[in-house]
Amino acid sequence: MTGISSVAPWIPSLILLPLAAGSLSFLFGPRSSLGLVAATPVGIGFALIQLLLEFNDTGLQHYPVGSWGSPLGIEFRADGLSLVMLGMTATVGIFISLYALGYFSGEQAGGVWFWPLWWFLWAALNALFLSADLFNLYVTLELLSLSAAGLVTLSGEWESLAAGLRYLLAALAGSLAYLMGVALLYGAYGTLSLELMAGLIRPEPANALAASLITVGLLLKTALFPLHFWLPPAHGSALPPVSALLSGLVIKASFYMLLRLWFEVFPSALTPVFAQGIGILGAIAVFSGAWLAFHQEKLKMLIAWSTVAQIGYLFLTFPLASASPAGALTALSGGVYLALSHAMAKAALFLAAGAMLKVTGEDRIDRLEGVGRHLPVSLFAFAIAGVSLMGLPPSGGFIAKWLLLDAALATGQWWWAVVLILGSLLTAAYIFRVLRRCFLAPPEHAVFHSVPVVMPIAAFSLAGIALLLGLTAVFPLRLLEKSAPYVAEAAIPFTVVP
Amino acid sequence: MIPDPWLPLLIVLSSLLTGVLIFFVGEEQHRTRSTLNLVGAVAKLLLVGVMVWGVFHRHRYETRLPLLPDQDFVLRADAMGMLFVGLSSVLWLLTTIYAIGYLEGSPHRSRFFGFFSLCVTSTMGIALAGDLITFMLFYELLTLSTYPLVVHRGTPEALHAGKVYLKYTLTGGALLLVGIVWLYNVAGSVEFTERGALAQVSEIHHPALLAIFAILIAGLGVKTALVPLHGWLPVAMVAPAPVSALLHAVAVVKAGAFGIVRIAYDVYGVEFAARLGVLKPLSWLAGVTIIYGSLRALAQDDLKRRLAYSTISQVSYIVLGIGILGPVATIGGVVHLVHQGLMKITLFFCAGDLAETLGIHKISEMNGVGRRMPWSMAAFTVAALGMIGVPPVAGFVSKWYLGSGAIDAKQYWALGVLAVSTALNAAYFLPILHRIWFRPASGEWPKPERDGLETRPTLLVPTLITALLSLAAGLFAGAPFSPLGWAKLIAAREYVS
Chain A
1 MTGISSVAPW
11 IPSLILLPLA
21 AGSLSFLFGP
31 RSSLGLVAAT
41 PVGIGFALIQ
51 LLLEFNDTGL
61 QHYPVGSWGS
71 PLGIEFRADG
81 LSLVMLGMTA
91 TVGIFISLYA
101 LGYFSGEQAG
111 GVWFWPLWWF
121 LWAALNALFL
131 SADLFNLYVT
141 LELLSLSAAG
151 LVTLSGEWES
161 LAAGLRYLLA
171 ALAGSLAYLM
181 GVALLYGAYG
191 TLSLELMAGL
201 IRPEPANALA
211 ASLITVGLLL
221 KTALFPLHFW
231 LPPAHGSALP
241 PVSALLSGLV
251 IKASFYMLLR
261 LWFEVFPSAL
271 TPVFAQGIGI
281 LGAIAVFSGA
291 WLAFHQEKLK
301 MLIAWSTVAQ
311 IGYLFLTFPL
321 ASASPAGALT
331 ALSGGVYLAL
341 SHAMAKAALF
351 LAAGAMLKVT
361 GEDRIDRLEG
371 VGRHLPVSLF
381 AFAIAGVSLM
391 GLPPSGGFIA
401 KWLLLDAALA
411 TGQWWWAVVL
421 ILGSLLTAAY
431 IFRVLRRCFL
441 APPEHAVFHS
451 VPVVMPIAAF
461 SLAGIALLLG
471 LTAVFPLRLL
481 EKSAPYVAEA
491 AIPFTVVP
Chain B
1 MIPDPWLPLL
11 IVLSSLLTGV
21 LIFFVGEEQH
31 RTRSTLNLVG
41 AVAKLLLVGV
51 MVWGVFHRHR
61 YETRLPLLPD
71 QDFVLRADAM
81 GMLFVGLSSV
91 LWLLTTIYAI
101 GYLEGSPHRS
111 RFFGFFSLCV
121 TSTMGIALAG
131 DLITFMLFYE
141 LLTLSTYPLV
151 VHRGTPEALH
161 AGKVYLKYTL
171 TGGALLLVGI
181 VWLYNVAGSV
191 EFTERGALAQ
201 VSEIHHPALL
211 AIFAILIAGL
221 GVKTALVPLH
231 GWLPVAMVAP
241 APVSALLHAV
251 AVVKAGAFGI
261 VRIAYDVYGV
271 EFAARLGVLK
281 PLSWLAGVTI
291 IYGSLRALAQ
301 DDLKRRLAYS
311 TISQVSYIVL
321 GIGILGPVAT
331 IGGVVHLVHQ
341 GLMKITLFFC
351 AGDLAETLGI
361 HKISEMNGVG
371 RRMPWSMAAF
381 TVAALGMIGV
391 PPVAGFVSKW
401 YLGSGAIDAK
411 QYWALGVLAV
421 STALNAAYFL
431 PILHRIWFRP
441 ASGEWPKPER
451 DGLETRPTLL
461 VPTLITALLS
471 LAAGLFAGAP
481 FSPLGWAKLI
491 AAREYVS
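For the protein sequence lines, the chains are A and B, in the order given.
Using the numbering used here, the first residue of the first sequence is number 1, and each one after it goes up by one.
Using the numbering used here, the first residue of the second sequence is number 1, and each one after it goes up by one.
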């Protein structure tokens with residue numbers, strides 16, 4: 001398993017490029033941002049494509065840092081799931097970078113610190129998706145949380161400072177719980193490598209405790225109900241490009257870890273009670289999040305509560321994928337695809353909202369009347385991203401919902417199908433609550449400011465990609481089939497069903 | 001022979017591209033926008049003409065793209081689909097001309113025509129969809145692209161109508177999705193095939209198939225406006241007249257009815273559906289809807305609302321044609337898909353002419369209007385008589401075949417439904433005709449323009465053409481490419497066994 005299949009430099013470049021960009025941006029200040037935005041995403045994209053090509057040729061990619069493989073050294077690894085997540089990060093990252101160039105071009109506060117923090121955050125995300133051991137995951141997750149908390153406070157207003165502090169404390173508590181769980185596992189098995197651990201782990205009380213600590217820590221970071229309290233203020237009060245990052249990408253990191261750990265490392269501990277329990281929390285999140293989203297006065301708070309609801313959806317993967325081996329692949333693909341399309345759609349929503357708020361100068365939904373005439377592109381972006389969130393075709397959200405529904409009905413768990421359907425109708429309710437405003441004529445005295453043209457275009461591009469994901473699902477889904485959790489799944493005896 | 005993969009895709013793209021381009025046209029560039037609209041509509045009509053010819057000669061047209069690892073996006077031309085494609089592409093061209101005239105001088109026209117084209121794109125996709133997932137894709141796109149048209153005016157009533165519309169249609173769409181996913185789970189990927197594909201499914205799954213049928217019909221029934229799922233249709237009347245025309249004659253209501261036709265004939269297969277015992281309840285539902293819609297229409301004074309209830313009633317003729325088993329009733333139901341479209345669009349065009357030219361919205365204001373607008377009102381009369389079923393207008397042909405089908409199948413109650421409904425149709429249309437032609441004018445109307453025409457030519461010409469078409473469809477029903485001839489072709493292909 002530890003055989004070195006490749007030592008090509010693509011894995012470290014994915015981490016080092018944004019890290020270097022962050023350091024340069026820290027040293028040279030906002031002047032350097034244009035050059036860095038021009039260079040870094042291109043480099044990352046190139047490395048990612050090369051990695052993808054090698055993965056297609058030779059399968060699972062390993063990269064031992066300094067040629068020391070596991071169990072002693074630090075090892076990075078790329079499988080189908082990692083590549084999908086890396087691709088998601090790169091796509092959202094490129095458009096958020098472009099958007100931020102426009103957003104911070106005027107006298108907008110926060111531009112100085114945005115760039116270094118954002119590049120570090122990108123590096124942390126890439127490293128996290130490539131990590132092959134529990135401790136490495138911890139380090140990258142910590143780096144991610146710290147840069148994210150810093151980003152929340154950028155606007156310097158009291159509200160966002162408080163939200164940022166609360167976010168930081170929640171994130172630290174989560175990391176602490178995770179670290180304790182990891183320590184227990186290391187004490188028991190003497191290894192941190194995901195692959196080695198997957199072969200060794202047995203259902204024992206100590207492991208159950210470790211798994212619970214890890215899970216609670218990660219649930220807190222993913223903000224699953226009832227651990228979501230920190231999310232709406234943090235995502236709602238941050239600057240729009242930051243909110244897009246947080247809702248689109250950051251929460252996906254801890255969700256990714258949960259999938260990795262539960263379906264690759266300890267699937268044997270995944271009992272029906274636990275899976276259904278997580279699903280119930282998810283369902284409560286779907287309904288309460290949508291309900292609260294519908295009743296918000298501020299546009300960004302509406303989108304933030306929508307994130308709480310959509311996180312609930314993601315966790316339906318657990319009961320659907322663990323019920324029977326027949327539905328596992330479909331459900332896991334559906335869950336990951338939902339995370340993927342939510343990343344694009346939610347980032348697009350926040351970016352579009354950011355442009356609309358800059359135009360009207362106020363974060364209120366009832367100020368949006370007539371905004372369509374001044375920002376038709378942003379409004380379209382909002383609408384298209386909304387379509388994906390509602391799970392209507394043709395969009396990535398539809399494909400995800402289709403897969404999850406398929407898994408629910410194939411395993412006879414019709415109650416999750418009901419949650420899926422009702423949830424998307426509620427989503428439609430709050431999305432159209434915003435959209436219908438835009439058909440009204442603006443009040444006489446309304447003042448509209450102008451925004452750099454790159455902002456609506458970036459939002460629109462991401463929304464368009466969310467839409468395209470509905471028509472080009474075959475490639476990412478085939479990639480996902482080549483992921484370590486599915487391979488591990490195949491190793492469990494019960495998967496052999498004619 | 002290898003099927004031609006391009007034509008179905010081109011037909012869908014011709015209006016999609018038009019729509020997307022129109023969104024980028026500036027609000028004031030009327031000439032560019034109108035040119036784009038007309039070029040798109042004419043190009044589509046030509047492509048459809050080629051394809052109708054091809055399908056008649058059993059050429060195969062199929063576009064197939066992978067959508068999911070085990071499911072394809074399929075566009076395919078078959079006889080049934082071509083009937084709907086033909087209707088939509090002819091009426092799109094006419095409605096576009098009408099809408100250009102109707103909306104002259106009103107704001108947000110780029111938005112309107114953009115979504116208008118998307119709406120037609122969805123209709124084309126629905127007609128050409130080769131399997132249920134592709135059908136679903138366009139069916140939901142239709143919901144999304146008609147919403148901006150319904151709320152177009154931005155008034156509180158329009159926004160309210162939009163809300164009601166979405167509540168109904170999105171819920172219907174969700175039910176449809178559940179039904180389709182369940183069906184795929186039971187029977188694997190389901191493509192539309194003549195005479196259905198489900199007869200081979202093993203006996204154990206028959207209860208599930210029964211439940212799925214109910215869910216699918218409930219989902220499609222919303223757009224078809226089957227009672228009790230019809231509540232959105234009268235409310236959606238606040239939309240501009242060309243939108244109502246499109247909604248009632250081609251797009252939304254027809255998409256639902258066409259979906260039911262597909263489910264019954266090309267997914268389940270009528271003979272298998274009859275064995276499952278689902279056709280009887282379906283025909284009863286249609287019968288109730290036909291009577292209920294007519295009764296409610298009687299009580300409306302608002303012209304468009306009366307027409308709306310009339311639509312609820314008339315569209316269920318199509319469903320009734322499915323429910324009465326047998327090729328003759330099938331011909332009657334399927335041909336009504338086209339006939340009702342032609343006649344109803346004429347009626348809505350006339351209602352729009354009256355509202356735009358004279359400001360008339362209510363039936364009680366229509367006294368003597370026949371002398372002021374003779375041409376429009378002649379068109380109205382032809383279509384109204386057709387709706388009642390007076391020969392030689394198209395509606396008579398539909399009713400004739402439905403009636404003979406009911407006798408063939410020994411379903412005499414259906415004959416009763418037809419008789420009652422015809423009486424009711426007469427009861428709510430004849431008084432209008434009486435007002436138009438025989439009562440003295442009650443008020444002062446704006447005088448005609450200098451050129452002597454009763455209204456703008458862009459409004460009048462499409463109205464006259466659709467009226468002539470509904471007359472021609474009845475007069476020349478025996479011709480090979482008439483709607484009836486085509487419906488016979490379909491029935492022959494659905495009932496070979």
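Please keep in mind that the hints were generated in silico from the structure rather than gathered at the bench.
Check each hint, because a few of them may be wrong.
Unchecked claim - Taking lysine-lysine pairs in the DSSO-like style, the calculated list, with each CA pair at most 30 Å apart, reads:
(1) K298/A / K163/B
(2) K298/A / K167/B
(3) K280/B / K447/B
(4) K167/B / K280/B
(5) K163/B / K362/B
(6) K362/B / K447/B
Stated by the list, open to error - Quick list of the computed label-pair ranges, beta carbon to beta carbon:
(7) E297/A / E104/B: 38 to 44 Å
(8) V42/A / L276/B: 31 to 37 Å
(9) E362/A / A214/B: 34 to 40 Å
(10) P272/A / E27/B: 48 to 54 Å
(11) L468/A / A427/B: 36 to 42 Å
Unchecked claim - Among chain B residues calculated to face chain A with C-beta under 10 Å, some are:
(12) P148
(13) A492
(14) R493
Just so we're clear, the structure is a prediction, and the values are computed from it rather than from any experiment.
C-beta: ideal position from N, C-alpha, C; glycine also.
### Message
Against the 30 Å threshold, does the CA-CA distance of K298/A and K163/B hold or violate the hint?
### Response
holds (21 Å)
Hey, K280/B versus K447/B, does the alpha-carbon distance stay inside 30 Å?
violated (54 Å)
Please verify whether K167/B and K280/B have alpha carbons no more than 30 Å apart.
Measuring from Cα to Cα gives roughly 29 Å; hence the hint holds.
Exercise. Measuring from the C-beta of A492/B to each C-beta in chain A, is the shortest one below 10 Å?
Worked result: violated (34 Å)
- Return holds or violated for the Cβ distance of E297/A and E104/B against the range 38 to 44 Å. holds (39 Å)
Using the C-beta atoms of P272/A and E27/B, is the stated range 48 to 54 Å upheld?
violated (59 Å)
Exercise for review: Please verify that hint: P148/B, Cβ, nearest Cβ of chain A, below 10 Å or not.
Suggested key: Because about 7 Å separates P148/B from the closest Cβ in chain A, which is inside the 10 Å limit, the hint holds.
**Prompt:** Would you say the C-beta atoms of V42/A and L276/B sit inside 31 to 37 Å of each other?
**Reply:** 59 Å Cβ-Cβ, so the 31 to 37 Å window is violated.
message = Tell me if the straight-line CA distance from K298/A to K167/B falls inside 30 Å.
response = holds (24 Å)
- If you draw a straight line from the CA of K163/B to the CA of K362/B, is it 30 Å or shorter? holds (25 Å)
*Does the Cβ pair L468/A, A427/B satisfy 36 to 42 Å?*
At 53 Å between Cβs, range violated.
For this session: Assess, step by step, whether the Cα of K362/B is no farther than 30 Å from the Cα of K447/B, and give holds or violated.
Result: holds (20 Å)
Consistency with the previously given hints fails for numbers 3, 8, 9, 10, 11, 13 and 14, ordered from lowest to highest.
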